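**Q** In case you want the letters, here they are:
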Amino acid sequence: MNKKSRFQIATLLLSVMLVATACSSNNSSSTTTEPKSTNSSTANQTEDKKGSDEKVKLRIMTITTDENRNNIMEQFIKPNLAKEFPNLEVEFEPGGGGEDLANKIKTYNASGDMPDVFWSDAGFFTALNQAGNIMDLTDSITESGFINKFKVPEALKHIDGKIYSLNSGADTYFTPVIFYHKDIFEEAGVTVPQTFDEFLNVSKTLKGKGIVPVATPGKDGWGPQLYMLQQMIQIGDPQAMIDLVNNNIDFEHPSVVAGVERIEQMAKEGVFADGIANLDYGPAVEMFTSKKSAMLMMFTWELPNLAKIDTVDFFPFPSASEQYDSNKVVQFWGSPLNGYAVSSKTEHPEEALKLVEFLAMQDALYFESIGSAISLETGNAPGELEPLMKKYLTWYNGAEVMIPSLALNSVDSRTSAEIATYGARILTGEYPAADFIKQINQVWKENTWFEN
Amino acid sequence: MNKHFSTKMSITIFVTPALLIFTIFCVYPLLPQLWMSLHNHNGFQNLGFVGLDNYLSVIKTSSFWTAHKNTYLILAMSVLIGLPISMCFALFIDIQTTKLRRFFKTAAMFPAILSVVVISQIWVAFYEPNWGLFNSILRSIGLDSLTRSWLTDEKTVMMSIGLTFLWQYIGLNAILLYTGIKTIPKNYYEAALIDGANFFQISTRITIPLLQEVIKYVLIVSSLGSMAFYAHVRVMTAGGPGDLSRTVIYQMYYTAFDTSQFGKGTAIAVIFILQCLIISFLIQRFVAREKLEF
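These protein sequence lines are chains A and B, in that order. Sequential numbering of the first sequence, starting at 337, is according to this note's numbering. Sequential numbering of the second sequence, starting at 960, is according to this note's numbering.
Keep in mind that the hints were calculated from the coordinates and are not lab data. Among the clues, some could well be false.
To be verified - Lysine to aspartate or glutamate pairs mimicking EDC-like chemistry, simulated, CA-CA at most 16 Å apart:
id	chain 1	residue 1	chain 2	residue 2
1	A	774	A	519
2	A	545	A	519
3	A	604	B	1112
4	A	627	A	519
5	B	1114	A	766
6	A	414	A	693
7	A	391	A	686
8	A	644	A	720
9	A	604	B	1252
What the hints assert, rightly or not - Coverage of chain B stretches by chain A, computed from C-beta distances (three or more under 8 Å per stretch; other residues unrestricted):
id	region
10	1156-1169
11	1209-1221
Predicted, not measured: the structure shown is a model, and the values here were computed from it. For glycine and all other residues, C-beta sits at the position ideal for the given N, C-alpha and C.
With the hints as extra help, turn the sequences into a complete structure.
**A** Right, here's the structure in full:
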């Protein structure tokens, strides 16, 4: 071996070592968070004083899906946090919502850089739990007594009996309804429909008068994925919907097929705004509030905002069969897995646990301030409810059959994403319900949700 | 001196730093992807080795082929429509007066310097079916029958997104080509004019042949840019309606992140990388093969 060859081999080895060194992980350095002193410049402080002034640094990834969430952050969390936790230095990261939030959490999880506190979601809970990255809060909130502030503590528990996240309980009161403008209905000479066929006729009349009948977010399959599929099934056969949520039937069940066909029928008969399959959340709500559409299919989390418009009222999804009574059956949105959670890898579990209680309470204070119903008691005297909220709560509390949301309680992330994908296609009116059933039923068979 | 620099040892010394950087930042990140593509990974944990199952599974899905059809449609639009228009625009700029040239150069660059999100949102508004620009124009000239929901119609969605992409980058490519035109010696043109050549003859016999190195560069950048087409789709349609406007990159993202099938997502990524390498090789092999000196 001559000198040149030896030099070349040595260079190659050096290169490999450098690559290996540069790319190897260093767990200790990536996860250590150095406490930060805020008063390091004060010369006369004693050592003890310095120690007590050290701030604990925490990272929070919050849900930032809509105006409510932004208001909670700006009007409640940020102003109250400094007063409540002077020893904390908190770095907020907006997480978006839905798939965006899930993807960020997945990325952080993969890089071993999970936020200390984050908004957990049923969509990615299972995988997060399997990886041992979400903390069981049961003992902590029992010891602190925070659990006693919930009207129904049992509702916080996952099917394994543990509590993984905290929220205001407002979710439980969210259900999809159809908001409408009373004045537009009057001018068009139509009344609130009681049956699905009447609903189609009302839409036809409105469309004939040049009014867009219904707006709802359809982009990325938002509507079909989160409420429409379930509503269209349960207005025909509530029991079939309960069975589907519990995995007792599949998508080939006649009542499920009929539900999907109702979506196709609405799309084909022009119930929705043109381009519904690409209509985003904000524009859909704006289309309704600016009276470009007569109705809005939406969850009641928008009720406090929409109640500010005098002409707005709501009605439940109309019945498609005698098996469904719109005054007795509702779909509810909540999931015990949606809420503020703590990473099991956090270096400051004590502070993080206190923080999730604080965050859940700020949510409750906000929803209470806008007149929403909540299950986390704030200690404040109940305020006077808006008439529309009163009407809503009377209807909602009178329901005898409460069906959990399919989107939050029965599907893994793949099934959820595929329902969204093909649900959006049905909204175009060019995709047959039969194709949807065929596609989704295959995915449903491979749904891993019920394996855990 | 030259003798020293052409020895194997000196070549090794000079090449090593670049090779190292390339290895660390370009080759090494691919290895975990390759490894992951052979495993069942849900984004949170590895659920076991599955061999080539991920590859076999992804190629069996209709969305995978829809994504390929869309990606190659964008590539074709970019290369067969975009590049010729950019070339025409570059030639057009070259024959303008100084003042107009300055205006056209600024105008051409403007869309390219704007954020993709801004551009996409503007075009979403243009395509809006109820009050958007295109349908409004069609209605105002009595062509109501041609109005449609551009971004939800299966027949028009991909072309509509592709048009936005072309609009954004045609100007930038034109500027690159124009810069190349300015490097061609003027005496070639003077000789051609003395011989009585017209604009078309000058363009096809002198300008375009002498621009082949620049054309090659623009072709590679446009092709790989088209292959990696994602952001416009994300903003304008989120791949929808359904999977109808997904590209390969979008399908990879959707599979990995939205459905938590990271093994399958990385399998798509590996297939995609191979395609990009093949396209780069073909362009290198067949475009501008002879080195021109002028």
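**Q** Taking 16 Å as the top limit, are the C-alpha atoms of residue 627 of chain A and residue 519 of chain A close enough?
**A** 10 Å, holds
**Q** Taking a Cβ-Cβ distance under 8 Å as contact, does the region 1156-1169 of chain B have three or more residues in contact with chain A?
**A** violated (count 0)
**Q** Report holds or violated for chain A covering the region 1209-1221 of chain B, Cβ cut-off 8 Å, minimum 3 residues.
**A** holds (count 6)
**Q** Verify the proposed pairing of residue 391 of chain A with residue 686 of chain A, using a straight-line Cα cut of 16 Å.
**A** 14 Å, holds
**Q** Check whether the Cα positions of residue 1114 of chain B and residue 766 of chain A lie no farther apart than 16 Å.
**A** The hint holds at about 11 Å.
**Q** Is the straight-line distance between the alpha-carbon of residue 604 of chain A and that of residue 1112 of chain B 16 Å or less?
**A** 13 Å, holds
**Q** Is the Cα-Cα distance between residue 604 of chain A and residue 1252 of chain B 16 Å or less?
**A** Between residue 604 of chain A and residue 1252 of chain B the Cα gap is close to 63 Å, so the pair fails against 16 Å, i.e. violated.
**Q** Are the Cα atoms of residue 644 of chain A and residue 720 of chain A separated by 16 Å or less?
**A** Judged against 16 Å, a Cα distance of about 15 Å means the pair holds.
**Q** For the pair supplied as a hint, residue 545 of chain A and residue 519 of chain A, confirm whether the alpha-carbon distance does not exceed 16 Å.
**A** 14 Å, holds
**Q** With the threshold set at 16 Å, check whether the alpha-carbon distance from residue 774 of chain A to residue 519 of chain A stays at or below it.
**A** 42 Å, violated
**Q** For the pair supplied as a hint, residue 414 of chain A and residue 693 of chain A, confirm whether the alpha-carbon distance does not exceed 16 Å.
**A** Status holds; Cα separation ~15 Å.
Violation of the numbered hints given earlier is confined to hints 1, 9 and 10; the remaining hints are satisfied by the structure.
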